[in-house]
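Enquirer: In this note's numbering, the protein residues as written are 399 to 919.
Note that these hints are calculated values from the structure, not bench results.
Listed next, with one range per pair, are the computed distances between beta-carbon atoms: (1) 752 - 719: 23 to 29 Å; (2) 607 - 459: 34 to 40 Å; (3) 569 - 498: 51 to 57 Å; (4) 508 - 639: 45 to 51 Å; (5) 485 - 880: 27 to 33 Å; (6) 693 - 764: 37 to 43 Å.
Glycine included, each C-beta is placed from N, C-alpha and C at the ideal position.
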Amino acid sequence: VDLEEHVNKKRSRLVGFVSLFGIVVLLLSAAPGGILPVSAQSAGGSRSSDIQKIEPHIFNGDVRTLPSVPAKPVLNHELNEPESNKPILSSPQMLSPMLTTASMPAPSHNFAGMSRNGSCGGATCGAGIPPDTNGEVGFNYYIQSVNSSFAIYNKSGSRLAAFTEDALWAGSGKGQCDGNSQGDPVVVYDPMADRWILTDMAFPFSGGNPVSPYYICIAVSRTSNPVSGGWYLYAVRTDTGISGQPPVGTMDDYPKFGIWTDCLYFSANGFNSAGNYIGGMFGSFSRSDMYAGRALTGALGFDSGSNDYFTMIPSNLSAPGSAGLPPAGTPNYYVQESLTAYSYLVRKFTAGPNCGGGGNLSGAVSVSQTAYTTPNGDLVPQPSPATSTNSLDSLGDRIMQKVQYRRVGTRESLWVSHTFRTSNSGPTGVQWAQINVTGGSVSTTPVQQQLYNPGDGVYRWMSGIAADRNGDAAIGYSISGLSTYPGIAYAGRLVSDPLNSLPQGERRIVSGSGSQTNNCG
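Let the sequences and hints guide you as you build the complete structure.
Expert: Written out as structure tokens, the structure is:
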């Protein structure tokens, strides 16, 4: 089940994996501009406090031997995300001409993932609409999640194992995680330790509605082998009611994670029993405890100050290599799209000892961005036989996971992307940016940014961005339009390309062959 984007609307969730191999070693040289001193970025902020240490359940076997536990399709009503209060543009945003000087390389690997009607350890995979597809690639494996199921592949695309969340947690006795896993999964790969982390939500239902207690289920691979190496299972209750933490009955919706040098960082949107957003959650969990199978040290925080904590996402280290790690003591960065201004909000979260309580989430630094029309609701069209009643959800302009940290030479950057709309009647596109955070100082002006839409009438949305150690970057996203079936495409740039552009062009990974016309509840 998907509980941040529920199934009473028609949606298409598509995902692709892109590798962009740079052949140049030039460093980005644009002046950072607008850097604030660290002291100027620390005004305000919120504190985290300790959670009770959590003993793990140890699964010491091979996931191919897990019991057959079917996924549970559950229909729920849409949560009422806060409305954007950005100023309305008086005229359509003028887009820069699209510069194309080359052709994006084809994917090195492209293979079919889980099917909703497929078998996961003898049980049906997935369940729920939309599928909440997520995944991560490591040195030797790719792990995909679809709502409440996981599948492990080797790098050639052969599926090695598949199982449901409830199968992995069966018999653990770990709160709601044992039997009430509810999806919204995130797969995290830690390239520093060569470990895997699988997360999902868990909670009971009463009268067809989710109720407290709310849990985040964190499964940590005991070795670098996620198939036969075993797992440590940690069940973290998030609506603790402890002062400064989420109140009892607060759902931890849209959970997101980022791996860092010290902790696994966490964020979620808090919703009350009426389905209204009431504040932002954040937290930290000890990497060293998780990988040793010790009782887990962690902390949670909650801020109900304003809507501008909505969908803040922790930064993530993606295969950085030894030269790509942030300097020792660098805090994690939380980034979100503002709901009140055309800007990114960047906060720094300094965790407490061993990722426990006493951590501080700083006040936000506002990073400028080009203004645009905010997309809202079901506005992405599809070809016939779909009609306007089958339009797909734009999901607004929220940032989606993951916020990637990259160190290119001496420059440290955060890479982010989100959906925008060209006008009140125009197609959606991808706004992306590179934010300079060198030395722990957040630049108020991006190194580069772009409103990317080639002007061909195709809608591009639900994007993800990544950069390599040279500063080359690629963006993957979903596509659809009146004459384009839903599919997956990607575009990119080399570090030597002109700033603020994706001149390597666009390539499609999957060209769809049909429209989604079912009514999901």
